[in-house]
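**Q** These protein sequence lines are chains Z and F, in that order. Numbering of the first sequence is given in my numbering, commencing with residue 1 and proceeding in unit increments. Numbering of the second sequence is given in my numbering, commencing with residue 403 and proceeding in unit increments.
There could be a bad hint or two in this list.
[To be verified] List time: in silico SDA-like cross-link candidates among lysine to any residue, alpha-carbon distance up to 25 Å:
1) K287/Z - G368/Z
2) K312/Z - R497/F
3) K280/Z - E345/Z
4) K568/F - S322/Z
5) K287/Z - D493/F
Honestly, the hints are just simulated from the structure, not real lab data.
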Amino acid sequence: MNDDLDLLFERRLRSAFHAASLPPAPARLGSFLDDLPHAAGARRRSVPRMAAFGALAAGFAVVAFLAWGAIFGQGGFGPGSEPTPTPTPSPSASPSPSLSAASTTFTVYSVSGLLAGRTDGTVRGQLVDLYGWFSDFRGGPIDPCPTPNAAALALSCLDRRQGLVEAEATVGGVVDGRWVPTADPVVHPYWPPSLLSNPRVVAFFSVAPVDPVTPRPIVVLLNGHFEDALAADCPADASPPCLDRFVVDDVISFDHPTAAPTPAAVGTPFPFDSPPVPPKWMANCTKPRSQTGAEPGDPVAPANSSAGWVRKSQIPFEFVGSLMLKDVVYVAIIEGDFPLGDWREEPVGSGQRFRWWGTAACIADDNGMATPWLPGTTYKLFEDGHRVLGGDPFDPLGTPAP
Amino acid sequence: MPVLSVARDPSPEGSEAELRLDATHERFMQLARRDLDRAYRLAGVILGDALEAEDAVQDALLRAWRSAASLRDVEGFQAWFDRILVNGCRDRLRRRRTVRFIPLDASHDPSASGDPFRAIVERDALLMGLRALNPDERVVVVLYYWADLRLEDIATRIGSPLGTVKSRLHRARITLRSRLDTDASEAQR
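Produce the complete structure using the sequences and hints provided.
**A** Here you go:
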């Protein structure tokens, strides 16, 4: 390209954007803004039950899907499969109160993902969800703690005895009457006193009792934030845990430690004796999901490892498009690993280019088709060939799934 | 004092939450109202879809409202809000490309006709090339050519290093130009 042509192209591009007269914001947006204080309150507490389940499903999905695989007579999926915390109680048995159905979504972080986000600043100034295993050793016959610090957010000795870790484990243990913290990444959340009267929080602490002897970690999904105004009370020489403490805004969902295991899927997948032919959308199921078509190295003529009609309620994970599909859907699992989209860049860190891969699925009825992947099977494949297992292709930061 | 002045009703079944607008949120409302048209247009150009742009702005307003206390500098409101909005738009583009829902009949798609943002893309061969860009590149192109931001300001808004912005813009130009050249050569045949 010579310079003149470059300049012409630049001008052409800029004028193309500016040639159009664009409309102002619709009146609805103005009304929304005016009503924002109420909308924020209303939507804040209306995180959908299924959204919370969806987040938990990332951890549960593989085990649940193994059971669901019985529908198709198979038991596992692809080399990208990640182990999942076991034993896995049923998320549907959670005593969490049911919430209304409005849809607000938050990015869900694992413990390490949240800590990384705190370090690089990407989780600041927003509400985020944190998923992990919670345990609480604050009471009982352990070595006593000194009087807590004056600043509420300062990480006191007692505070360090409660928190979330990434895998099914506790934040520490008691050895010979002395407290020994875990060496794994941990988030010690701050629970505002005003939150402790929230029925969900009350219910959470009723199943996550302060038990210094045999605490059982509980899967929990919290909503919260950093950069709380309380940090202003931290002493000038405060350590980062005071200035950067994760403050809980809500308990979105948690798992009851005594809940029954997920029942195995049983029954006929389709309610009729002679199931109909697959929806016509299935012809597109194995086509590339990249905007630019197949890339070198993509699977050639991929086939389905399994396919059939199921009740949508039997699918043990959330997927985009679910609400638009009928109650009985046709599901196909693409054999082997499959590219899930286009090349993109690491949003933080190296900036290397990668594509998401995983076990892909197609879920269709006669109106349309959703093309999700199986949770727990995803990985990033970088240009230099190395892989990073886990993660959620919907997560803008690509943090590993818990 | 919690960072958010939104007092929630602790009961999910209870009455609507009462809340108190403090000075921060009053200021937020003023600034957001002033920036609303521009924000909507920015989202529309990035997403190419009016309904989705409206949703994206709503989401961004909600997120921004809840984080209003983290806004220290009034002068920085636009950059701060842009960052929230642009991140949301980029996520939407990624989801759109990763999981697609295919309507049976295009006439059922409410955004198929009369969408001003879709129209500006479809009536210009060069802008049609936006569809070939990945979400990161598309965002940078819109911020640079439509919003007329400097590269440094774009880096602030998308939270990436300046070099990354430059490389995305470079790749996007190559893609757009090659598509334009291809279209031109096909038209000559």
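**Q** Name the hints, by number, that the structure is in violation of.
**A** 3 and 4
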